[in-house]
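A.B. asks: Based on these hints, arrange chain B on the given structure of chain A.
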Amino acid sequence: MDLSRRVVNAHGLVKRYGTLVAVDGISFAVRPGECFGFLGPNGAGKTTTMKMIYCVLPPTDGQLSVLGMDVRAQGRAIKARLGVVTQDNTLDTALSVRENLVIFARYFDLPWQVARRRADALLEFVALADRAKDKVEQLSGGMRRRLMVARALLPEPDLLLLDEPTTGLDPQARQLTWEKLRQLKRTGVTQILTTQYMEEAAALCDRIVIMDQGRIVAEGAPADLVRQHVGRDVVELRGFESLDEAPARVLGAVGDLADSHEVLSDQIILYTQDGEGLLRRISERGLVAEAATLRRATLEDVFLKLTGRSLRD
Amino acid sequence: MLLFSPKGAYRFWQRNAFIFRRIFPESIAVNFLEPVIYLLAMGFGLGAYLTTVGGLPYLTFVATGLVATAAMFGATFECTYNAYVQMYYEKVYDGAITTPLGIEDVVVGEILWGATRSVLYGTVFLIVIALFGTVRSPLALLIPPLFFLSGLMFSVIAMTFTAVNPNIDFFPFYFALFVTPMFMFSGIFFPLDALPAWVTTATWFTPLSHVVRLSRALTLGALEMRHVSDLVWMLVVTVAMFPLPILLMRRRLVR
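Protein chains in written order, with my numbering: chain A, 1 to 313; chain B, 1 to 255.
All the given hints hold, so there is nothing to weed out.
Chain B stretches covered by chain A per the calculated footprint, using a threshold of three residues with CB under 8 Å from any CB of chain A:
(1) 10-18
(2) 87-95
(3) 98-111
Hints in this document: simulated from the structure, not taken from any laboratory. Just so we're clear, the structure is a prediction, and the values are computed from it rather than from any experiment. For each residue, glycine too, the CB sits at the ideal point set by N, CA and C.
This is chain A alone, in the form it adopts within the complex (with noise of 0.2 Å):
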C-alpha cells in the first residue's frame, strides 16, 4: 500500500523509562477508513503506543507518523487533526457538559459560535442534548464516556483514538457507544482503539494487533486470527476425578482431531476444527468428564493463548 495515504506508520516504535521497556520495536500501519484496534493484557504498552501517537510522549527510538506527518516534528499540526479519548476521562468539572465542549472547541481555535453549533450537534449525537446544562459530577459513568467521544469529535477529525473507550461501562453504556463508534465508522473516520474486551475488538475492529510486554505477537483481522491461532471450535472438559492421568487418555483417544490443547488446574482445553467430532470421540472411548462444553473459538482463546494466563498486574 502506499506509504503517503497511510493514516499511522510505524516503524521500530520504541518507548524506554530508563531500563524499563514500554514499548519493544513495534511496527504497523494504519489504513484509511478502518477501525484498527490494538489488545492486550495491563502493561503491554497499548496506552504508550496510543501517546505515541496522540504526540503527548515523544518516541525513544523509531519511526512514527501520523496523517503523513512527522510526530517528532510536528505534533501541534497532528493534533489539530485528531480526535482522543483519553483512558481516563479529563472533563473539566468546573464546566457544564456544554461548556466542555465550548471551550474546548477554542483550544482547536474554532470561533465561538461554531463552537457552540457543534457542541449542541454532538451533545445530540451522543443523546446527551438534555443533560447540556448539567454538571459533569451528576453524569453516570457512560454518559461521561460519551461526553467524552462528543469532545473528541468537535474538530470534526481525520482520524479518532479511543483508550478503553467502554472500560467500567455497563452492557447498555457499551452497546449505545459501540453503536455510535460504529456510525462514525460509516461516514469514514479512520478509528484506532484499545482494549481488554474481545468483544469490543470483534464488535468494532477490521483489524488488531495483540500486544504483550511492549511487542506486537500477532496482526490479523479477528476472525483470522481465531482460525489461524485456536481453529474453530473450542472443547472444555471439566471434573474428571483426577487430572493426573486424564490429559494424557484423552489426548491419546483424540489424537489429530485436536489442533491443539492446554491443561489447566481444573480442566482440558481442546482446540479443534471438529468439535463434535471430537465429543463423539471422547465418549466412543469411554472418557467420563462431568461436564463437557462444546462453543465457537473465540478472540478470547487467541488472546489467552497468546499472551499466557498468568495475572499481570
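C.D. replies: Below, chain B without anything else, positioned relative to chain A:
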C-alpha cells in the same frame, strides 16, 4: 525546546477567565471584605497605639504595604492549590494537551491567569485603601501594571513548586516556610530598617519586599531612583525562573 504558542497560552487563559466570570461577583465581594478586615484590625487596632511609622499614620503605612500582598496571594493560590487540583485530580492538563495546545501553553496560560488574578485582587484592594484615604498620588494608577509583573513572578515561583510537589498535603509547607515569612518580613507591618542589619539584608532576597517598596512608593508618590533596582530585581527573577515550571511540568506530565 521551551517554545510555547502565545495563542495556545491565551486559549488556556481564556478557559480560566471563562470559569472565573461565573464566580466573579462573589469572589470580588470576598475580595473587598478581606482588606477591610485587615485595615480595621491593623490600622485602627494597632494604629491606636502606634500613631506614626516613618512619618506616616500607621493605617497609611500598613495599607500601602498590604496592598502588595493581595497581588501575592491572588497569584499564589491560583498557581498552587488551583493548578494542582486541575493538574493532578481533574486531569484538565492531560485533556488540554491532546488538542493543539502543548503543556508549555497550558503552563504559560496558567501563569498568565495567576498574574491576571493578581491584578484583579490587587486593584480591588487598592480601591478599598483609597476609600480609607491612604492613596496620595496618581502614580497609584501604575499599581495594576506593577501587579501584573509581580503576579507573573509569584505565579512562576508557585508553579515551579506545584510542578515538583508530589502531594497536595505539601502546600502548607510552601505557605509556612515561604509565603508567611515573606508576609511578615517584607516591610508591611514594620519598617525593615529597624531590624538587625543581617535581617534587613536577608529580606532583600524575598520577592515580596520589592513589591511592597514599589507599591508604597507609588501610592504615596514617593518614587525614587533606588526603586529602579526593585523593578529590575523582579524582572530578573521572573525572566530567569520562567523556564523552570515549563520544564518541570513537562517532565512530570509528558515523558
